[in-house]
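Enquirer: Listed below, chain by chain, are the residues.
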Amino acid sequence: MSVARSCGDFSQSYVADRRLLRTPPQRVMLGVLALVLIAYPSMTNGEWLRFGTVTATTLIAVVGLQLLVGLTGLVSVGQSAFMGVGAYFAGVAANSLHQSLPVCVVIGAVGSMMVGLAFGLPAARIKGFYLALTTLAAQYVFAFVIVRLPQQEFGGDAGLTMPTPSLFGLNLSSPWRLYYLTIALAIILVTAALFIQESVAGHLFVAVRDDDLAASMTGVAVTRYRVLAFGISALYAGVAGALLAYQDGFVNAQAFSVFDSVFFLGMIIIGGMGTVLGAILGTLMLSFIQEAVNLWGGSVAGVFGYHLNGQTGPVVNIVTGLAICLMLIYEPRGLAFLYRRSESFFRLWPFPYALTRARTT
Amino acid sequence: MATLLQILVVGMPIGVAYAAVALGFNVIYRSGRVFNIALGEMFALAAFFIMWLLNRGVPAWPAVGITGLLMIAVGLLIQRLALRPLLGQSALSLFMATLGVLLLLNGADTLVLNTPTGTFPQLFGAGAIRLPYAVQLPVASVVGVAVVVIIVLGFVAFFSRTQTGIAMTAVAEDHEVAQSLGINIERSLALSWAMCGLLSTVAAVVYLAGQQVTSDIGSVAFLALPVVLLGGLESIGGVILAGLVVGLGQTSAAEWLDPHFHGGASEVFPYLLMLLILLVRPEGFFGWKRVERV
Numbered sequence: 001m002s003v004a005r006s007c008g009d010f011s012q013s014y015v016a017d018r019r020l021l022r023t024p025p026q027r028v029m030l031g032v033l034a035l036v037l038i039a040y041p042s043m044t045n046g047e048w049l050r051f052g053t054v055t056a057t058t059l060i061a062v063v064g065l066q067l068l069v070g071l072t073g074l075v076s077v078g079q080s081a082f083m084g085v086g087a088y089f090a091g092v093a094a095n096s097l098h099q100s101l102p103v104c105v106v107i108g109a110v111g112s113m114m115v116g117l118a119f120g121l122p123a124a125r126i127k128g129f130y131l132a133l134t135t136l137a138a139q140y141v142f143a144f145v146i147v148r149l150p151q152q153e154f155g156g157d158a159g160l161t162m163p164t165p166s167l168f169g170l171n172l173s174s175p176w177r178l179y180y181l182t183i184a185l186a187i188i189l190v191t192a193a194l195f196i197q198e199s200v201a202g203h204l205f206v207a208v209r210d211d212d213l214a215a216s217m218t219g220v221a222v223t224r225y226r227v228l229a230f231g232i233s234a235l236y237a238g239v240a241g242a243l244l245a246y247q248d249g250f251v252n253a254q255a256f257s258v259f260d261s262v263f264f265l266g267m268i269i270i271g272g273m274g275t276v277l278g279a280i281l282g283t284l285m286l287s288f289i290q291e292a293v294n295l296w297g298g299s300v301a302g303v304f305g306y307h308l309n310g311q312t313g314p315v316v317n318i319v320t321g322l323a324i325c326l327m328l329i330y331e332p333r334g335l336a337f338l339y340r341r342s343e344s345f346f347r348l349w350p351f352p353y354a355l356t357r358a359r360t361t
Numbered sequence: 001m002a003t004l005l006q007i008l009v010v011g012m013p014i015g016v017a018y019a020a021v022a023l024g025f026n027v028i029y030r031s032g033r034v035f036n037i038a039l040g041e042m043f044a045l046a047a048f049f050i051m052w053l054l055n056r057g058v059p060a061w062p063a064v065g066i067t068g069l070l071m072i073a074v075g076l077l078i079q080r081l082a083l084r085p086l087l088g089q090s091a092l093s094l095f096m097a098t099l100g101v102l103l104l105l106n107g108a109d110t111l112v113l114n115t116p117t118g119t120f121p122q123l124f125g126a127g128a129i130r131l132p133y134a135v136q137l138p139v140a141s142v143v144g145v146a147v148v149v150i151i152v153l154g155f156v157a158f159f160s161r162t163q164t165g166i167a168m169t170a171v172a173e174d175h176e177v178a179q180s181l182g183i184n185i186e187r188s189l190a191l192s193w194a195m196c197g198l199l200s201t202v203a204a205v206v207y208l209a210g211q212q213v214t215s216d217i218g219s220v221a222f223l224a225l226p227v228v229l230l231g232g233l234e235s236i237g238g239v240i241l242a243g244l245v246v247g248l249g250q251t252s253a254a255e256w257l258d259p260h261f262h263g264g265a266s267e268v269f270p271y272l273l274m275l276l277i278l279l280v281r282p283e284g285f286f287g288w289k290r291v292e293r294v
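From first to last, the protein sequence lines are chains V and F. One point on numbering: in our numbering, the residue at position 19 of the first sequence is 19, and numbering is uninterrupted. One point on numbering: in our numbering, the residue at position 229 of the second sequence is 229, and numbering is uninterrupted.
Think of the hints as simulated: they come from the structure by calculation, not from any bench. If a hint is listed, it holds; no wrong ones were tucked in.
Okay, the calculated beta carbon distance ranges per label pair:
| hint | chain 1 | residue 1 | chain 2 | residue 2 | range |
| --- | --- | --- | --- | --- | --- |
| 1 | V | W176 | F | P85 | 43 to 51 Å |
| 2 | F | Q179 | V | F259 | 31 to 39 Å |
| 3 | F | A60 | V | S342 | 53 to 61 Å |
For glycine and all other residues, C-beta sits at the position ideal for the given N, C-alpha and C.
The following block holds chain V by itself, in its conformation from the complex:
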C-alpha cells in the first residue's frame, strides 16, 4: 500500500502486504486526522463548519466518481444528476413514506444506484466519449423528468422540503451534528472505496480501463464490470445527494447542474486520476479554492481596483478551469502524486533519490 518502500521494509505474509496501515507513524497520522476531524466544529465558525459539511458531502460523490472515471476509465459528466436522483429518492421516502433518516439515505443510495445501472447499460455497446455523452444525456433527462413526476410526491418545479433530520430520536438539526453525521458517512464510504480499489473487482476495473480487449480475452466480463462501476459510482452519488437534501432542508432539480458534474471531474483531475487519495486531495483543494474565492475574491479584486459586485461565480469558474488546464499540462498525475513524492522525499532524506514512478493509493 505504501509507496516505494525503503530497503528492509517488507512483509512476511500476503495479508500484511495488503494492509492499509503498515507502519506505526501511519497509525499515529490517522489518529491525528481523526482528532482534527472531531475537533473541527469547535475550532471554526458557522461558515467554515458548513464548508466542512459540504466538502465531506462532495467528497462522497467525488470518491464514487473516481471509482468510475479513475479506476474503470469511463468518463461521466452526470454525477451531479445521480446526486439529484438520490436526493429525490430520499426526499420522497421522507415526505410520502415518512421514513427515518437512515432509511431515507439508504433508499436514496439504492434508488440512485438503480438509475446508474440503467445508464451504465449502454456501456455494453459504446465506450469513450460516446459513453460520456450518454451521462450528459442523463443530466438533461433528469432535469426534464423530475419536474414532471407527480406533483403530490415529487413537488414539481418547487421541489421538496425535507423534514428535520433526526437519527434514532436524536435531533440533528444543528450544523455541527449534521457535520458529524456527514463526516462519519464520508469516512465509512471512503474506507469502503479503498477496499473496493484493493478488491478483485477493483483490480478488474483497472484491467478494463487499461485494455478492455485484453481484459475480455482473459475472461473478464467487461460489460458487467463497467455497469457495476456505474452502479457503485451512482450509489456514492445517491448517498451524497440524500445528505445534501438534509443539509439544505430542501430538494430542487436546479441544484444539480451540469457544472457541478464538471467541478467533480475537475476535482479528480486536480487530485490525480485512479486513486482514492487523489479524490480526497482534489476535493479538498478545489473546494477550498472555491470557498476562498467566494469569501475573499471580492476584497482581493477590490485591491486591484476591480469590483465583482458579489459575483464570484464567474471567478470560481475561471479559477477552476485554469486549475484543470494547468494540472493537466504540468502534473497530470495530480496532487496525489506530489503527496507521495514528498513522502518519499522525507523518507529518503538526506539522499536525493526522487520518486519517479510509484503506486499512489
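Use these hints to put chain F onto chain V, whose structure you have.
Expert: Just chain F, lined up with the frame of chain V:
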C-alpha cells in the same frame, strides 16, 4: 397537411441551426480526435461579443466580421495554450482540457462582457413567403438554411478534395505518421481550431437570428450533441441529415407530444434519440466504424 407543412417550415431551420453548431464539433474531431466540449461556450462568447459590439453602436455586419476574427484568435489561443502542451496524450486528457476551457470561457463571458442579453439581430432579411395552407415561410429561414448547406458542402469538399483537408484527416488518424509524411501537424491543428472559432460565429448568427440571447445560450452545444452523434463524429456532411432528423423530430414532438407531457417533451426528445442512436448504431449514420486489434 397544414400541420405537416408547418412542422417542415419550423423544424427545418431549427435542424439546420443545430447542424451549424454540430459542424464545429465535427471539424475539430475530424482533424484532431479531440471532442471539444467547450464549443458551446465559444458559441456563447461569439454571441455575447456581437451583442456587446451592437450595444456600442457598431453596425450588425461589421460586428459579425470583427467577432469572426476575434473567435479565430480565441480558437488559436485555446489550441496553443491548452491543447498543444498535451499533444500526444490520451484523448481523455484532451477532452478534460476542453472541459477546463469550458469553465474558463464561461467565467470570462460574464466577467469581461457582463453577458449582454437582448434580441439578436435578424441578419437574413425580414418578410415571409406565403405557402399553401396559409403557412408563412420566413425569408430568413431560407437564407439561413442555404448558408449552412453551402458551408457544410464547402467543408465536405475541403476535407475530401483538397491537399490540406486530406492532410488534416491524416493528422487526426496518427500524429506521428502524418509528421513523418511531412505534414506540419501543429499548423494543421491550429487551422482546425481557427475554423472552429469562425464556425462558432457563423453558428451564432444562424442559430440566434431574431432570437433572445440569454445568459445560458452556451447549452445550445449540448442540444447539438445528438446531431453530432446521429451524423457520426467524423462525418462533416452527415450533420445536415442528422440536423434535419433532430429538428423535424423535435418540432413534431412539440406538436404532438408536448400537450401530453406539460410541455418539454420536445426538449428531452433529442437526448432520448441520442441514447437510442448510441445503443443501436454507436457510430451514427456516416461515422467511421473502427476495427480494433489487440
